[in-house]
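Protein chains: 2
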Amino acid sequence: MQDTLNYIQENKQRYVDELFELLKIASISADPAYNQDVLDCAEKVAEHLKNSGADQVEVCETDGYPIVYGEKIINPDLPTVLVYGHYDVQPPDPLDLWKKPPFEPYIEKTELHPEGAIFARGSADDKGQFFMHIKAFEAMMKTNALPCNVKFIIEGEEEVGSKSLEGFVKNNTEKLACDCILISDTHIYSREQPTVTTGLRGLSYVEVEVEGPNRDLHSGLYGGAVPNPIHVLSRMIAKLIDEDGRITVDGFYDNVLVVSEEERAEMNKLKDNPEEFKKSIGLEGVEGEKGYTALERTSIRPTLDCNGIWGGYTGEGAKTVIPSKAFAKISMRLVPYQTPDEITEKFKNYFEKIAPDNVRVKVTPHHGGMPYVLPSDTKEYLAAKKAMETAFGKEVLPYRSGGSIPITAMFEQVLGAKSVLMGFGLDSDAIHSPNEHYGLFNFFKGIESIPLFFENYAKG
Amino acid sequence: MQDTLNYIQENKQRYVDELFELLKIASISADPAYNQDVLDCAEKVAEHLKNSGADQVEVCETDGYPIVYGEKIINPDLPTVLVYGHYDVQPPDPLDLWKKPPFEPYIEKTELHPEGAIFARGSADDKGQFFMHIKAFEAMMKTNALPCNVKFIIEGEEEVGSKSLEGFVKNNTEKLACDCILISDTHIYSREQPTVTTGLRGLSYVEVEVEGPNRDLHSGLYGGAVPNPIHVLSRMIAKLIDEDGRITVDGFYDNVLVVSEEERAEMNKLKDNPEEFKKSIGLEGVEGEKGYTALERTSIRPTLDCNGIWGGYTGEGAKTVIPSKAFAKISMRLVPYQTPDEITEKFKNYFEKIAPDNVRVKVTPHHGGMPYVLPSDTKEYLAAKKAMETAFGKEVLPYRSGGSIPITAMFEQVLGAKSVLMGFGLDSDAIHSPNEHYGLFNFFKGIESIPLFFENYAKG
Numbered sequence: 001m002q003d004t005l006n007y008i009q010e011n012k013q014r015y016v017d018e019l020f021e022l023l024k025i026a027s028i029s030a031d032p033a034y035n036q037d038v039l040d041c042a043e044k045v046a047e048h049l050k051n052s053g054a055d056q057v058e059v060c061e062t063d064g065y066p067i068v069y070g071e072k073i074i075n076p077d078l079p080t081v082l083v084y085g086h087y088d089v090q091p092p093d094p095l096d097l098w099k100k101p102p103f104e105p106y107i108e109k110t111e112l113h114p115e116g117a118i119f120a121r122g123s124a125d126d127k128g129q130f131f132m133h134i135k136a137f138e139a140m141m142k143t144n145a146l147p148c149n150v151k152f153i154i155e156g157e158e159e160v161g162s163k164s165l166e167g168f169v170k171n172n173t174e175k176l177a178c179d180c181i182l183i184s185d186t187h188i189y190s191r192e193q194p195t196v197t198t199g200l201r202g203l204s205y206v207e208v209e210v211e212g213p214n215r216d217l218h219s220g221l222y223g224g225a226v227p228n229p230i231h232v233l234s235r236m237i238a239k240l241i242d243e244d245g246r247i248t249v250d251g252f253y254d255n256v257l258v259v260s261e262e263e264r265a266e267m268n269k270l271k272d273n274p275e276e277f278k279k280s281i282g283l284e285g286v287e288g289e290k291g292y293t294a295l296e297r298t299s300i301r302p303t304l305d306c307n308g309i310w311g312g313y314t315g316e317g318a319k320t321v322i323p324s325k326a327f328a329k330i331s332m333r334l335v336p337y338q339t340p341d342e343i344t345e346k347f348k349n350y351f352e353k354i355a356p357d358n359v360r361v362k363v364t365p366h367h368g369g370m371p372y373v374l375p376s377d378t379k380e381y382l383a384a385k386k387a388m389e390t391a392f393g394k395e396v397l398p399y400r401s402g403g404s405i406p407i408t409a410m411f412e413q414v415l416g417a418k419s420v421l422m423g424f425g426l427d428s429d430a431i432h433s434p435n436e437h438y439g440l441f442n443f444f445k446g447i448e449s450i451p452l453f454f455e456n457y458a459k460g
Numbered sequence: 001m002q003d004t005l006n007y008i009q010e011n012k013q014r015y016v017d018e019l020f021e022l023l024k025i026a027s028i029s030a031d032p033a034y035n036q037d038v039l040d041c042a043e044k045v046a047e048h049l050k051n052s053g054a055d056q057v058e059v060c061e062t063d064g065y066p067i068v069y070g071e072k073i074i075n076p077d078l079p080t081v082l083v084y085g086h087y088d089v090q091p092p093d094p095l096d097l098w099k100k101p102p103f104e105p106y107i108e109k110t111e112l113h114p115e116g117a118i119f120a121r122g123s124a125d126d127k128g129q130f131f132m133h134i135k136a137f138e139a140m141m142k143t144n145a146l147p148c149n150v151k152f153i154i155e156g157e158e159e160v161g162s163k164s165l166e167g168f169v170k171n172n173t174e175k176l177a178c179d180c181i182l183i184s185d186t187h188i189y190s191r192e193q194p195t196v197t198t199g200l201r202g203l204s205y206v207e208v209e210v211e212g213p214n215r216d217l218h219s220g221l222y223g224g225a226v227p228n229p230i231h232v233l234s235r236m237i238a239k240l241i242d243e244d245g246r247i248t249v250d251g252f253y254d255n256v257l258v259v260s261e262e263e264r265a266e267m268n269k270l271k272d273n274p275e276e277f278k279k280s281i282g283l284e285g286v287e288g289e290k291g292y293t294a295l296e297r298t299s300i301r302p303t304l305d306c307n308g309i310w311g312g313y314t315g316e317g318a319k320t321v322i323p324s325k326a327f328a329k330i331s332m333r334l335v336p337y338q339t340p341d342e343i344t345e346k347f348k349n350y351f352e353k354i355a356p357d358n359v360r361v362k363v364t365p366h367h368g369g370m371p372y373v374l375p376s377d378t379k380e381y382l383a384a385k386k387a388m389e390t391a392f393g394k395e396v397l398p399y400r401s402g403g404s405i406p407i408t409a410m411f412e413q414v415l416g417a418k419s420v421l422m423g424f425g426l427d428s429d430a431i432h433s434p435n436e437h438y439g440l441f442n443f444f445k446g447i448e449s450i451p452l453f454f455e456n457y458a459k460g
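Listed in order, the protein sequences are those of chains A and B.
Counting from 1, one number per residue, gives the positions in the first sequence under full-length UniProt numbering.
Counting from 1, one number per residue, gives the positions in the second sequence under full-length UniProt numbering.
Keep in mind the hints are simulated off the structure, nothing from the lab.
No false leads were mixed into what you were given.
Dumping the calculated DSS-like pairs for lysine-lysine here, alpha-carbon to alpha-carbon at most 30 Å:
| hint | chain 1 | residue 1 | chain 2 | residue 2 |
| --- | --- | --- | --- | --- |
| 1 | B | Lys-353 | A | Lys-279 |
| 2 | A | Lys-353 | B | Lys-278 |
| 3 | A | Lys-278 | B | Lys-362 |
| 4 | A | Lys-12 | A | Lys-72 |
| 5 | A | Lys-239 | B | Lys-348 |
| 6 | B | Lys-290 | A | Lys-239 |
| 7 | A | Lys-290 | B | Lys-239 |
| 8 | B | Lys-239 | A | Lys-346 |
| 9 | A | Lys-239 | B | Lys-239 |
| 10 | B | Lys-362 | A | Lys-239 |
| 11 | B | Lys-278 | A | Lys-239 |
| 12 | A | Lys-100 | B | Lys-362 |
| 13 | A | Lys-239 | B | Lys-353 |
| 14 | A | Lys-348 | B | Lys-278 |
| 15 | B | Lys-239 | A | Lys-353 |
| 16 | A | Lys-278 | B | Lys-353 |
| 17 | A | Lys-348 | B | Lys-239 |
| 18 | B | Lys-290 | A | Lys-362 |
| 19 | B | Lys-353 | A | Lys-290 |
| 20 | B | Lys-445 | B | Lys-279 |
| 21 | B | Lys-279 | A | Lys-353 |
| 22 | A | Lys-279 | B | Lys-362 |
| 23 | B | Lys-346 | A | Lys-239 |
| 24 | A | Lys-362 | B | Lys-100 |
| 25 | B | Lys-99 | A | Lys-362 |
| 26 | A | Lys-99 | B | Lys-362 |
| 27 | B | Lys-290 | A | Lys-353 |
| 28 | A | Lys-362 | B | Lys-239 |
| 29 | B | Lys-279 | B | Lys-109 |
| 30 | A | Lys-348 | B | Lys-279 |
| 31 | B | Lys-278 | A | Lys-362 |
| 32 | A | Lys-279 | B | Lys-348 |
| 33 | B | Lys-239 | A | Lys-278 |
| 34 | B | Lys-362 | A | Lys-290 |
| 35 | A | Lys-278 | B | Lys-348 |
| 36 | A | Lys-362 | B | Lys-279 |
Excised from the complex, chain A in its bound form (with noise of 0.2 Å):
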């Protein structure tokens, strides 16, 4: 292990090296203007995995963008890991609260990270991360330290719900057929208190329109005579969540895993400093479902957030207009035992039946996810606390996300495998944000504990 490890800081620089290359590629799967650099992107991540020595390497093609595949068998009767990771990124906008562009990376230190971070769409969230995969893989195969065997699948439509994931690896069982699966796309509790994700909440997204009028009408011509489509909508929104911070979908508690006080207890040990916490992101106050704190409202309880909002005249200066239609995106993070297709039909349903009669109103489903847990008494999960109590020296616990990654279910339902989520970012790196970034303590502790991951794994 000690070559492993030498072998991987001597090639630091060159590490990063690469993987700014990688960054600079604009694959966002969301936006079909980028189509080609989605592509283009797939095909490096295929030259990467060859150069370090995997075998099979393949740009599969499906429905929508390509997974990348690769792996290594050293001997069919060890234990094989998969490894999974994304190569599209988040839309970057909005674009003008970027330091500097997202796609040109670039280092820079900060108060987290007195080492540095890479600065670049994609730096954590999942290009960074996946990345650690397939150099901690080089730094084994380089020092002949490969313990077992190892199989990779990185997709490019992670961002966009995983669409062709599914048929992919339901077609593909045989050649993915592994004994547990590791995944590099959460976040630690922090420096300090170094976690393993052990529970990530599912997601049900859609897309609300509501229609008044059957064109854009002059509000003063009409205004105070006829149903104003943002206004209804500004009313539906409110609705949806009441005064208590409860999400007032009929029956969309039914289903919800009641975590045992005992258990609370136990994971408000690792509760932040709420006053930082507020700091952080430069709120007054918070708010959210009454009798519970932050750290559970965001991993053991079910919420809903409207994503985006748009209707009438959103331009420069002034224009008296009644639109004709608004609209919104609304996502609802789900828990264990809610199920993607059982709350959008629930969200629909009521969305419909809270509309007055004056307004026509459309729902229409996006992705949706499954919610995930893996128990901490699991090998998996031993394997990975162990791994990073090594690399970081300190204790481990385990943490759950409020964060989805649906396909966590998926490949437990179709490979019969469980997904170890061993990320290494940090909260506040700001995915999905401007001015994403990824420390390099992080990256390289996300490389060292790899390997150690692998040696425990194939160990135990």
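Chain A is already provided as a structure; the job is to place chain B on it using the hints.
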């Protein structure tokens, strides 16, 4: 007079051709990208005034877009009519809802316009309408029928609040001295029921901003534990109007002129078919302030409308973000004796008052305008009524419009003259909307009515 009407009859086709040239200029004052088009349009208007026989034609510079001036003084002892119009137009978006490009005028027959209507941005508001005055003036000049003095001011900032007009009028009170102001920038009740507009609503227009977290956040990691500015803004908008359709801003109705039951009964004689009203804009049901008819809601009662809303991700696909900020444009239509300064101030105080402590809100005033009333026993009203009765061959009624022409109050204050709102459009012209149009019938009836107005007014 018959000579003048004959001249008009013989030149109809040329009038339409000339108007088409004017409509091809994209004089969008709200959007700086169209700066040169607005300036070009001013030059074109000046050229038309000159060619029609006006003296002292001038493109007068202002701090904003120029005001085009021209006059014909035949005898200083005779009365002077000041014609006002505007050559700027509303932004045409949403562009994809136009059947043909907004600045490529064409004629098409419709159910309401069997003779055809001119489709183009600005056809009714206001190029097609002020151009009637230039052509009627040309006809009177060519047939030696101008019975009194006339002055023209055609401005280029009406759609953005006439920012430079007041200063210009104040600095040129001698040049603009007149006995009445004649404006065609409104509509008649219907082809069968011509009307003169005797009341206009005022306007207060603000932009609001709600800021929650100081940066965009991942809705999975933060959702449920922070104030989402879209939700907060939605709740605040929902609070602005109560269940009876009344505006909740403190003191909003304090200065509202209470219209007598008698006058309300009189105005409701005009009452159209509510089913037709709903059908014309594709609505199943209407809404508004309790206790008032649709006609009253859009004329003698003040209103509040969101004209635009935006925040978060509004592109294609799904993005799981909690935005830092959400925005809305909100306008209020005012009635006598509300004032825009008073109402803007009251709105600002109320909006700040209802904002929860955990967000920061900002209210930025755009332009405003005073409400206006022209009593129906004035010489100005009676000259217009009689002119239109001759041209249409029908009885003409007074009509209060819900729209705003804020400058009428200013003209009265600075020039001491009443404005006559002799507009010829139809409610269904889709001004401020896609597929704006202006009936050929209306265009020609307007050109015929104007010399009749001059005759009546000069005699009166």
